[in-house]
Amino acid sequence: MTTMAEKTDSVDAAGTLLDLKAPLLDLDDVIDDLNTRIIVCCGAGGVGKTTTAAALALRAAEHGRNVCVLTIDPARRLAQAMGLTELDNTPRPVVGVEGDGSLHAMMLDMKRTFDEVVESHSDPERAQAILDNPFYQALSSSFAGTQEYMAMEKLGQLRAEADTDGTWDLIVVDTPPSRSALDFLDAPERLGTFLDGRFIRVLTAPARGAGRGIGRLLGAGFGLFAGVLTKILGAQLLADLGAFVAAVDTMFGGFRERAEQTYALLADPGTAFVVVASPERDALREASYFVERLEDDKMPLAGLVLNRVMSVRAPELSAEEAMVAADHLTESGEHLDAAALLTLHADRMRTRTSQQRLAMRFTAAHPLVPAAQVPALAEDVHDLEGLRTVATLLTQPPSPPLSS
Amino acid sequence: MPVDSPSPVAGADWSDALLHVVSGKGGTGKTTVAAALALALASEGRRVMVMEVEGRQGLAQLFDTPPLPYDERKLSVAPGGGEVWGLAVDPEEALLEYLEMFYNLRRAGSVLRRMGAVDFATTIAPGLRDVLLTGKAIELVRRKDKGSANPYDAVVLDAPPTGRITRFLNVNTEIAGLAKVGPIRSQADSVMAVLRSERTAVHLTTLLEEMPVQETADGVAELRDAALPVGGIVVNMTRPPMLDAQSLALAATSGLPRTRIADGVAAAGLGGARSKAGKAITDALLAEASDHAARVALESTERKQIAQLGTPVYELPFLAGGMDVASLFELSRLLREQGMA
Chain Y
35 MTTMAEKTDS
45 VDAAGTLLDL
55 KAPLLDLDDV
65 IDDLNTRIIV
75 CCGAGGVGKT
85 TTAAALALRA
95 AEHGRNVCVL
105 TIDPARRLAQ
115 AMGLTELDNT
125 PRPVVGVEGD
135 GSLHAMMLDM
145 KRTFDEVVES
155 HSDPERAQAI
165 LDNPFYQALS
175 SSFAGTQEYM
185 AMEKLGQLRA
195 EADTDGTWDL
205 IVVDTPPSRS
215 ALDFLDAPER
225 LGTFLDGRFI
235 RVLTAPARGA
245 GRGIGRLLGA
255 GFGLFAGVLT
265 KILGAQLLAD
275 LGAFVAAVDT
285 MFGGFRERAE
295 QTYALLADPG
305 TAFVVVASPE
315 RDALREASYF
325 VERLEDDKMP
335 LAGLVLNRVM
345 SVRAPELSAE
355 EAMVAADHLT
365 ESGEHLDAAA
375 LLTLHADRMR
385 TRTSQQRLAM
395 RFTAAHPLVP
405 AAQVPALAED
415 VHDLEGLRTV
425 ATLLTQPPSP
435 PLSS
Chain G
171 MPVDSPSPVA
181 GADWSDALLH
191 VVSGKGGTGK
201 TTVAAALALA
211 LASEGRRVMV
221 MEVEGRQGLA
231 QLFDTPPLPY
241 DERKLSVAPG
251 GGEVWGLAVD
261 PEEALLEYLE
271 MFYNLRRAGS
281 VLRRMGAVDF
291 ATTIAPGLRD
301 VLLTGKAIEL
311 VRRKDKGSAN
321 PYDAVVLDAP
331 PTGRITRFLN
341 VNTEIAGLAK
351 VGPIRSQADS
361 VMAVLRSERT
371 AVHLTTLLEE
381 MPVQETADGV
391 AELRDAALPV
401 GGIVVNMTRP
411 PMLDAQSLAL
421 AATSGLPRTR
431 IADGVAAAGL
441 GGARSKAGKA
451 ITDALLAEAS
461 DHAARVALES
471 TERKQIAQLG
481 TPVYELPFLA
491 GGMDVASLFE
501 LSRLLREQGM
511 A
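Protein sequences, first through last, are from chains Y and G.
Just add 34 to wherever you are in the first sequence, counting from 1, and you've got my numbering.
Just add 170 to wherever you are in the second sequence, counting from 1, and you've got my numbering.
Worth flagging that the hints you see were computed from the coordinates, not collected in a lab.
Treat each hint with caution, since some may be false.
Computed cross-link-like contacts, SDA-like style, restricted to lysine to any residue with a CA-CA straight-line distance of at most 20 Å [as the list claims (entries may be wrong)]:
1. G/K350 <-> Y/K55
2. G/K350 <-> Y/D274
3. G/K449 <-> Y/A353
4. G/K449 <-> Y/S352
5. G/K350 <-> Y/D414
6. G/K446 <-> G/R430
7. G/K474 <-> Y/D414
8. Y/K55 <-> Y/Q430
9. G/K350 <-> Y/A273
10. G/K314 <-> G/R369
11. G/K446 <-> Y/E355
12. G/K449 <-> Y/E355
13. G/K350 <-> Y/A277
14. Y/K55 <-> Y/S322
15. G/K446 <-> Y/R347
16. G/K449 <-> Y/Y170
17. G/K446 <-> Y/G49
18. G/K350 <-> Y/A353
19. G/K474 <-> G/A391
20. G/K474 <-> G/A490
21. G/K316 <-> G/A363
22. G/K449 <-> Y/G49
23. Y/K145 <-> Y/R160
24. G/K449 <-> Y/R347
25. Y/K145 <-> G/T343
26. G/K350 <-> Y/Y170
27. G/K449 <-> Y/L370
28. G/K244 <-> G/E270
These numbers come from a predicted model, not from an experiment.
Make a model of the complete structure from these sequences and hints.
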């Protein structure tokens, strides 16, 4: 089968999707624009965000760009589709990409990324002390929230590599599946509040060998505060925590600086945020939240990708008409197989109507946000060909509106 | 008792559990299932708390109430005089409450806040958030033991998604590893003791799709490794096959008799078998049937996968009209019929 025939097939596979009444999001424009250096995919869990990121990355590579895709927690089969067999925190070339471009893919190893930050920003002795600290070990591998920070840290690193040796001219990132995926936007401010606050001085005071003396210098609230901490945490725990904070004190400063740089990078017009959703109430509500948050922060929003849209093949035949026809056949007692197919069509049309209503709530609230849609596929992506199909569907214009 | 009344809770699959943790991959409807389960558990005059921890106000939307404050609010009555209460936990308030409860230190809260410690505890070190949230759930569970004035017969926790659930529930083990002795250690130990006992059941919601089912299987394995009690699997938003087995088999191989369908389309007045309109509709119906058959085949594979997990499975249908309070009652009735509550 030729490539042309495959393309025709996948175009046909789309059927008729929703009428979103929103400007069309042309993702080919986004990936073909050499000024686009970063694409960030965000959205609720379970809407096909990682698949969207991987499909866009593959298409960009096959359009001649040198792409690195950073995924957070890909489904096993998707990882295999890109030839990723282990989580080793290094971009690996994806085999089977057509054309002159290139595609590298990596899975984020949160702990390893954190370890690398520690190692590159402290002298070996101090780095070891941090890596051995029980607090560090808990923070870097088990606590929620670290993932969001580390994803942004890794993005900053990849971008720095791209700038120095030109390995990649486009980085596609997938974000963790939670609303806190945008927490990294707050990171510079939060770290600032923390670092400039007195809390850190309190924590580090015992490790510096200062005793209650410093407490008196810091003012009246301090004695009570130190007492509270000791009472809650216990003296040993407080000392461990203090040692940890003291050890990472300098590193946190660098962390804030990089968080600020990454923030600036994200706000740059060379970045394109793609909000991914499915035509379901919760997913679209999350999409609204992301869109509003990105607009508040003046982040460059490319648009909305609506996955898993019910496609119908005969939109001109309404659910009601199909049901009337099916009932007519059932009553006549003949053509029961055609009646069953008409009932199935009516069911799909009703689903489509409900998806249309949900999608319209989003587009009515955000009429200027461009949107693209992808039909629900029977199976998940298992190989590069599957990703290619998704990419084709992502970038093809919808069928022309009905004439009737 | 009327014949169609659901069986008493005592005979249900998880009658020993006081804490029902509901997790699931994003998009599988875990908040809906948590709310329906709370309603199901609340029948027969029981008092049930459903608690959400992700700040999304999903409960208020489901029960059609104003956004929940960090305060226990009655959300609904249940059949047979039961009550469902709701609580949206705010980590910062939970921290202050925790300080008061264990150390009688609420007054110190303002000092801690000024020092940036509250910010630190709830945002910079987000893992502490999980400690507070699990701690709050256990506090609600224990009220009954302690003979508190407002106890709950069961607590349903609308928990973080499957990918994070084991870490979330296990966070107190991490804490126990950090604090060798002291009040934090004993609190962490006692939270883990409840979470690891038969008084807890961790239910997972899924859809009949590859990724959520794979994630559910991984989640079950992780929970078992961490010695956390796996509850039931709730397969959500199922749709019955729209065609009989024979037609599905034919549609799967594009083997439906085209001529007969075309005649049927003509008989229904949708266009003659040779007309352009008739042909187009026949093609469309055949293509939709084969899409549908592929979908049903995948679902049957996924069902088999789920059955192999070795834990009770419950199914809830997709409700085309969307979710409202009435449909929550419908789902809770279905859960009771299947013995989940």
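Is the hinted pair Y/K55 and Y/S322 satisfied, with a Cα-Cα distance of at most 20 Å? Roughly 16 Å separates the two Cα atoms, so the pair holds.
Between G/K474 and G/A490, does the CA-CA distance stay at or below 20 Å? violated, 25 Å
When you check the alpha-carbon spacing of G/K449 and Y/S352, does it fall within 20 Å? holds, 17 Å
Decide if the proposed pair is consistent with the structure: Y/K145 and Y/R160, CA atoms, cutoff 20 Å inclusive. holds, 18 Å
Just to be careful, I want the Cα atoms of G/K449 and Y/Y170 compared with a cutoff of 20 Å; is the pair within it? violated, 67 Å
Is the Cα-Cα distance between G/K350 and Y/A353 20 Å or less? Judged against 20 Å, a Cα distance of about 65 Å means the pair is violated.
With a cut-off of 20 Å on the C-alpha distance, tell me whether G/K449 and Y/G49 pass. At roughly 16 Å apart (the allowed maximum being 20 Å), Y/G49 and G/K449 satisfy the hint.
Is it true that the CA of G/K449 sits at most 20 Å from the CA of Y/A353? holds, 19 Å
Are the Cα atoms of G/K316 and G/A363 separated by 20 Å or less? Since the Cα atoms of G/K316 and G/A363 sit roughly 16 Å apart, the hinted pair holds (cutoff 20 Å).
Is G/K446 close enough to Y/E355, meaning Cα to Cα at most 20 Å? holds, 18 Å
Given the hint that G/K446 pairs with G/R430, does the C-alpha gap stay at or below 20 Å? holds, 17 Å
Is the Cα-Cα distance between G/K350 and Y/Y170 20 Å or less? Holds, at about 16 Å.
In summary, the structure is inconsistent with hints 1, 5, 16, 18, 20, 28 from the numbered list given earlier, while agreeing with the others.
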